[in-house]
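Knowing the structure of chain A, use the given hints to seat chain B on it.
Line order of the protein sequences matches chains A and B.
Its first residue numbered 0, the first sequence is counted upward by one per residue in numbering that gives the first Met the number 0.
Its first residue numbered 0, the second sequence is counted upward by one per residue in numbering that gives the first Met the number 0.
Honestly, the hints are just simulated from the structure, not real lab data.
You may find that some hints are simply not true.
In this list, chains with the same sequence are indistinguishable; a pair is considered to hold if it fits within one copy or across any two.
[Said to hold, decoys possible] Below, a list of computed lysine to aspartate or glutamate pairs in the DMTMM-like style, where the Cα atoms sit at most 25 angstroms apart: (1) K158 with D135; (2) K62 with D31; (3) K369 with D296; (4) K329 with E264; (5) K355 with D296; (6) K158 with E72; (7) K29 with E204; (8) K206 with D221; (9) K369 with E259; (10) K353 with E310; (11) K181 with E363; (12) K302 with E363; (13) K145 with D71; (14) K302 with E354; (15) K353 with D312; (16) K355 with E310; (17) K4 with E117; (18) K369 with E264; (19) K199 with E118; (20) K302 with D312; (21) K29 with E72; (22) K302 with D362; (23) K26 with E78; (24) K65 with D54; (25) K5 with D71; (26) K353 with E259; (27) K355 with D312.
Owing to the predicted nature of the structure, the values given are computational and were not obtained by experimental measurement.
There are 2 protein chains.
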Amino acid sequence: MSQDKKLNTLVIGSGGVATITALSLDKRNKSDVSMIVRSDYSKAVTDGYTIDSCDYGKIEGWKPTKIYKTVDESVSNGEFYDYVLVTTKNIPDGPTPVAKILEPVVQATFKSWSNFSEEEKKNKVITIIMIQNGIDIETEVYELLKADHLVADGVHGPKVVVLSGVQMIGSTRTAPATILQKGQDYLILGAFDQSDELAKSKVLEFKDIYLNEGHNVVEIDDKVRWSRWRKLIYNATINPLTAIVCLDFTRTLLFSGPNEATEFEILRPAMKEILAIAKAEGHIIDESVMDLMIDGDRTMIYKPSMMVDTERDQLMEIEVILGNPIRTAKKLNVPTPYLSMLYNIAHIIQMRNKEKMGLVTLDESTATLK
Amino acid sequence: MSQDKKLNTLVIGSGGVATITALSLDKRNKSDVSMIVRSDYSKAVTDGYTIDSCDYGKIEGWKPTKIYKTVDESVSNGEFYDYVLVTTKNIPDGPTPVAKILEPVVQATFKSWSNFSEEEKKNKVITIIMIQNGIDIETEVYELLKADHLVADGVHGPKVVVLSGVQMIGSTRTAPATILQKGQDYLILGAFDQSDELAKSKVLEFKDIYLNEGHNVVEIDDKVRWSRWRKLIYNATINPLTAIVCLDFTRTLLFSGPNEATEFEILRPAMKEILAIAKAEGHIIDESVMDLMIDGDRTMIYKPSMMVDTERDQLMEIEVILGNPIRTAKKLNVPTPYLSMLYNIAHIIQMRNKEKMGLVTLDESTATLK
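In isolation and in its complexed conformation, chain A is listed as follows (with noise of 0.2 angstroms):
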C-alpha cells in the first residue's frame, strides 16, 4: 500500500511498552508519531530516549515526531490522527476509563471537521486500536463514538472504526526515558468487527505501516472474540489469584494446599468456566490450552500484571478480565462459582487499593462511602 503522504499515528500510554511501540512505526518511517509522555516529558523532549531493544539495537536519543503533555494538547491545534493506539490498561472503574482518555481525540476531531474539504473528508477514517486485554472492552469505546457521533445539524463526522490489538512485548521503563526491552513486539491485531470491511482493511493497512520485517512481528487475527477468551484462559484466573495472594505464580502453586489444590481446585475449575462461556457463544477452545498456560510458567518464577499492580497499590483490569466475563455467563446462563469467587475477593482489594489512592472514603462513623 503506498501513500502520497505519511498518515499521523498517536500513541497513547506510558513506559516501556508504547515507547517501543511508537519506535516500529518510526522505524517503518510511514507516519508522523506522536507520543503522549507525562512523568518523563522533559528528558524525553531535551534528550530524547536511551534504548536497548532487542527488536532494534542500542539506541540514543530517539524521539518521536511529536511529544505532548497531554492527550488534550495532542489535539488542540485541530491535529487529525488516522490511526490512535491505546495501550494504557483498561480500567473502567477508575478514574480514566478508555473513552475518558479518547473523549478528547474524538471530540476535537469532530470539531475540526469543517477545516476539511469535501474530497479530504471522503477518505478521513480515524481508527482506533486498543491494544489491551479483556473482552468486551470495544463496547465503550462505541458508545462514546454514537454520543458523538454526529457534528451538527444532521451533518456526520469521520468514519471511526475500532481494532483490537493483543500485543507479547517483553519493555520495562528502568529509569526515565530509558527503556530495556527484552522480548520481541509480537502484535497480533484483527477488526474487533469482522463484518465491518473497512476495519478489515484499516487493519492491513496498519500492518503496512507498523511491521518492520526481521524485527517486529504483525499477526493478523480474523477471530478477535476467540483469541480474547483464550488469553483469558491465563488471565482469568493466574492473574487474580496470584494478585489476591501477592505472590509470583510459580510460590502460588508451591505453596498450595493439600493435593495441589491451587492448581486443581482453584485454576483449572475456573479456566473451565471461561472455556464453557466462550463455547456457549459458539467459540471452541481446546482444553489443552490449559496445561500449556499452566506449565508454561510453573518454573519461571513470574509475577502476572494484576500481581504487579496490587503489589504497588495499583488497580487491577477486574472488570475487562473478570466482571465482563461473568457477566456474559449470566446471560448465558453458565454457571461460574470458581471466576465470580476470585472476582468478588479481586472486587474487596481493588477497593481497598482505591481507599489507599483517595478514589474512595469510609466515614467510620457512619460506616459507609463516601
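Just chain B now, with coordinates in the frame of chain A:
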C-alpha cells in the same frame, strides 16, 4: 467443693488473655498459679504486672505464684499441675503445635509419678483445658497422651482429662507486663467427651477455682461440639475472608462486588456449608445465627484474629478453623466449595508468611521448596 490443700495450676499463653486468666485463678485463691512468660519475663519478675481490668479494677505490681520462662522450666523440679490451661493459638502446621507445647508437661509428670505415694496417686488427675478456637483440636492431645500413657513396666501414669474452653475476653498487652482488659472474661467450659464423668466433675471443680462471682463468668457447656460448630460459622468464614483481603470486617462488606457479593456470594454460602457439616454430624444450628454474626459486627470496624495475624505476617489458625471442618465434610460427603476456596487461598497466604518467617525456603533455581 472444698480443698484441704491448694491445687496447682499452670497457664500457658502470652499477653492479655493469659494474664487475666491467671489473675482470675489467683483472685479466687484456691490454686497456686504458675505462668509462662517469655518476652516480659524480667519486667514481670522484677515489678509485676500493671493491670487495668474491667473485671478487677486497677492493679499495680501483681504477680502470680510463680513465673517461668519456658514450659520446660515449669516442670524441671517435678511439679505436678492439676490444671494446665492452654491459651495459645492452635497452629498444628506451625513450629509449635499444641502437642509439642504440652509434651514437656506430660513427660515430666509421668517421670515424677513414682515420687507420689499410692494414696496420692489415686486422686491425681491432670486436667488440660484447651481455651482455643476451631474443632477437633483435642485429637492431637489424645494422640500425645496415648503415646506417653505408660510410664514403664505396664505401670500407668496419672489420669488425664481434656476440657474445652471458649473464652470471650477483650484483653490486650499494651506495653511490657502491662495489660488493658476492656471486655469481661466470659469462659464457656465443657468436657470434649460428654460420656467421661471424671471430665465432667473436673468442669465443676475448675469452675469452683476460677469463678469470681460478680467479676468474671463461667458458663458450663454440655454440648461442646455444637458450640464449636456454632463459633465456626463466624470463624471459618468472616475470619479467613478478612485475612485474605487484609481488611476489617466493615470494609470487607462495604468494598463488596455487585449485589452485596461479599455477604451473599461468599460469606452466607460458606456459613451454610458449616451448618450443613454440623447437621450431617447431628448438630442442628439455626440459620438465624448467620444474621446475628454478620449484623453484629457490620459497623464495628473490627479486625478478626486471622486478619490481625496476617497483617502482622504471623501464622493463622487455618487448620483447626478450616482444614478440620473440610476434612469432616469430606468424610460425610458434604460439599464445601466455598470453604475450600477460602481454605485453599488462605493456605497459600499461610505459606507466604511461613517463607517470611524462614519456616520454608524456595530454591528459585529449581523451583522447589526446602
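### Query
Which holds for K355 with D312 at a C-alpha limit of 25 angstroms: within a copy, between copies, both or neither?
both (7 angstroms within a copy, 20 angstroms between copies)
### Status of E363 relative to K181 across identical chains (alpha carbons, at most 25 angstroms)
between (47 angstroms within a copy, 21 angstroms between copies)
### Message
Treating 25 angstroms as the Cα threshold, decide for K158 and D135: within, between, both or neither.
### Response
Within one copy, since 21 angstroms is at most 25 angstroms while 69 angstroms is not.
### Query
With identical chains treated as interchangeable, where does the CA-CA distance between K302 and D312 reach 25 angstroms or less: within a copy, between copies, both, or neither?
both (15 angstroms within a copy, 21 angstroms between copies)
### Within, between, both or neither, where K26 and E78 count as close if Cα-Cα is 25 angstroms or less
For K26 and E78, the Cα distance is within 25 angstroms only inside one copy (22 angstroms; across copies 85 angstroms).
### Message
Within a copy, between copies, both or neither: which one fits K65 and D54 at a CA-CA cutoff of 25 angstroms?
### Response
within (22 angstroms within a copy, 74 angstroms between copies)
### Copy assignment of K5 with D71, given that the CA separation must stay at most 25 angstroms
Only inside one copy: K5 and D71 sit 23 angstroms apart there, 84 angstroms across copies, limit 25 angstroms.
### Task
Give the relationship of K206 and D221 under a CA distance limit of 25 angstroms: within one copy only, between copies only, both, or neither.
within (14 angstroms within a copy, 77 angstroms between copies)
### Message
Regarding K302 and E363, is the shortest C-alpha distance of 25 angstroms or less found within a copy, between copies, in both, or in neither?
### Response
Between copies only: 14 angstroms across, 35 angstroms inside.
### Task
Give the relationship of K369 and E264 under a CA distance limit of 25 angstroms: within one copy only, between copies only, both, or neither.
Classified as between: cross-chain Cα gap 24 angstroms, same-chain 37 angstroms, threshold 25 angstroms.
### Message
Within, between, both or neither: how does the pair K145, D71 come out at a Cα-Cα threshold of 25 angstroms?
### Response
within (20 angstroms within a copy, 77 angstroms between copies)
### Message
Within, between, both or neither: how does the pair K302, E354 come out at a Cα-Cα threshold of 25 angstroms?
### Response
Classified as both; 24 angstroms inside a copy, 17 angstroms across copies.
Hint compliance for this structure: every hint is met.
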